[in-house]
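Below are the chains, spelled out letter by letter.
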Amino acid sequence: MTADRLRAAAAALFLLAQVAGVVRARFVPESWFSWAPHDRQVEYRLEVTVGGRALSTGEIAERYRMPPSGWNSHGVADLKDVVRRAESRGGDEAVRVVLFYRDNGRPEATWRWPEEPRR
Amino acid sequence: MTGLLARLDPLRLSGTALPRSHLMAGRLLALGLVIEGYVLHLPRPHVSFVPALETMLPPPVTKAILLGSLAGGLVLLFIGILPRLGAFLAGAALVIATIACPPLYANSRLYSGCVLLLLGLWQPGSGTTLLRAQVVLLYAGATLSKLFDVDWWDGRYFDAWMNGKLRSPLFGAAAALLPPLALAKLCGWATILAEGFVAVGLPFRKTRVAAVVAGLLFHVGALALAGEDFGVFFYAVTLSYLFFAEPEDRLSVRGAERVPLARWLVAVDRDRFFIVDPAGGGTLEVSGAVGHRTGGAALRAMLLASPLPYFLLLPAMMVLPATLAPLRSTLAVAALLVVSPPVMDRLARATKRPPPSPDLR
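Quick note, the sequences are listed as chains A and B, same order.
Residues 453 to 571 (the working numbering) make up the first sequence, in order.
Residues 25 to 385 (the working numbering) make up the second sequence, in order.
One thing to keep in mind: the hints can contain errors.
Below, simulated SDA-like cross-link-like pairs (lysine to any residue); rule was C-alpha separation at most 20 Å, straight line [what the hints assert, rightly or not]:
#, chain 1, residue 1, chain 2, residue 2
1, A, Lys532, A, Arg564
2, B, Lys209, A, Arg558
3, B, Lys189, A, Ala506
4, B, Lys170, A, Arg564
5, B, Lys170, B, Lys87
6, B, Lys189, A, Tyr553
7, B, Lys170, A, Gln470
8, B, Lys189, A, Arg564
9, B, Lys87, A, Ala513
10, B, Lys170, A, Ser525
Hints in this document: simulated from the structure, not taken from any laboratory.
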């Protein structure tokens, strides 16, 4: 009986966590865990320099575990989040990242890491 | 030995705690995950949402554990030995792998994991509420996201997808006949309406069938339009409708011997799910816990309850290479047409004449 209740509670909590993900996505730019499959079309390209040396496409793919260019169907905020997560873990090298992107066909825009402090 | 082999038969859906429709959905999803390569391409932890997934153990070790859990779980589920444990192991591996590697975040992997995890947590007497809630949550989230995104209303999204990414000649030609962005707007609105209707319609008995039909038409339409099945997502979502099937212990069948398709479904029935009444009349009839049906409706009930059509159709669609993608949507459309009332009615009409009475000889 206790095991059954535990199982039911675990399943209910699991679903509630997903509800929280859907609600959270209304207040943050990222779309993780919001059940918004294929909701944006972002054409992007990453350029990365480490210590002044430009990384090859293979090195960029290895660094972020995603293609250095192509289409992303989650959104540009998720792409930025991946770069931010990877680069904010520290390291001595001076890393410069430029993300060129077209969000749902809009004119090309850029985003840079390190991010400029907000004024 | 024969008993063990019978137990390993994936078409046999009885003999486990899981309801018939749940086990069928789980097995087909397991098969889909293998065919679509989710086992081979399980991601390694990297810039994880939960950093402990990278620090507790070396990432390759974590990946190996997840891989073992996924592969072992799928095998258990597929062969029907401890299927709930198998579903839990496979589902947990998929969910954790998604959390562990944001760069390779995929809704298809996450949704499959959620469904399998909940199947693993299912217990006799708990009903279908949790699994049904999972499906409704998916559609509710998808609707909410689009409702608040102006690009889905003004046609910008569909234009970028169809004309920018896919360069669809069909969409381009149709769009050229209408004012700028009109078709893209229509597609965006139709998507919001379809997903919203499925989210609202599925929970209620009165609107459930309409919601399932709307959902199937929507997903098959997207499959035809985009030419891709989004990994295992198309199959995982459409299989989820099986959680909304009313539970049936058995179906009593009359008149099956006169209808070739019904006769075949009875012949391949491993579980004796169909109880054949030899005193059948001229019309095909089925009756079970959810009521009595005749003719085409009876044949459709038999077809939808039998695992073999699913095991023939879904793997056939999954194994098609990208170059034959149009054939995939053709198969899906053909399947929808087959279960439509006109075709079912035609197929259900007695095709084998009864022997002539002695007086007429």
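Does the structure keep B/Lys170 and A/Arg564 at a Cα separation of 20 Å or less?
-> Roughly 28 Å separates the two Cα atoms, so the pair is violated.
Under the criterion that the straight-line Cα-Cα distance not exceed 20 Å, is the pair A/Lys532, A/Arg564 satisfied?
-> holds (9 Å)
Starting from B/Lys170, check that the Cα of B/Lys87 is at most 20 Å away, please.
-> violated (34 Å)
Do the alpha carbons of B/Lys189 and A/Tyr553 lie within 20 Å of each other, as the hint requires?
-> holds (13 Å)
Straight-line alpha-carbon gap B/Lys189 to A/Ala506, limit 20 Å | violated (28 Å)
Between B/Lys170 and A/Gln470, does the CA-CA distance stay at or below 20 Å?
-> OK: B/Lys170 and A/Gln470 at ~17 Å, within 20 Å.
Satisfaction of hint between A/Ala513 and B/Lys87, Cα-Cα up to 20 Å | holds (19 Å)
B/Lys209 and A/Arg558: Cα distance at most 20 Å?
-> holds (16 Å)
Given the hint that B/Lys189 pairs with A/Arg564, does the C-alpha gap stay at or below 20 Å?
-> violated (24 Å)
B/Lys170 paired with A/Ser525 [C-alpha distance capped at 20 Å] | Roughly 13 Å between the alpha carbons, so the hint for B/Lys170 and A/Ser525 holds.
Checked against the numbered hints above, the structure breaks hints 3, 4, 5, 8 and satisfies the rest.
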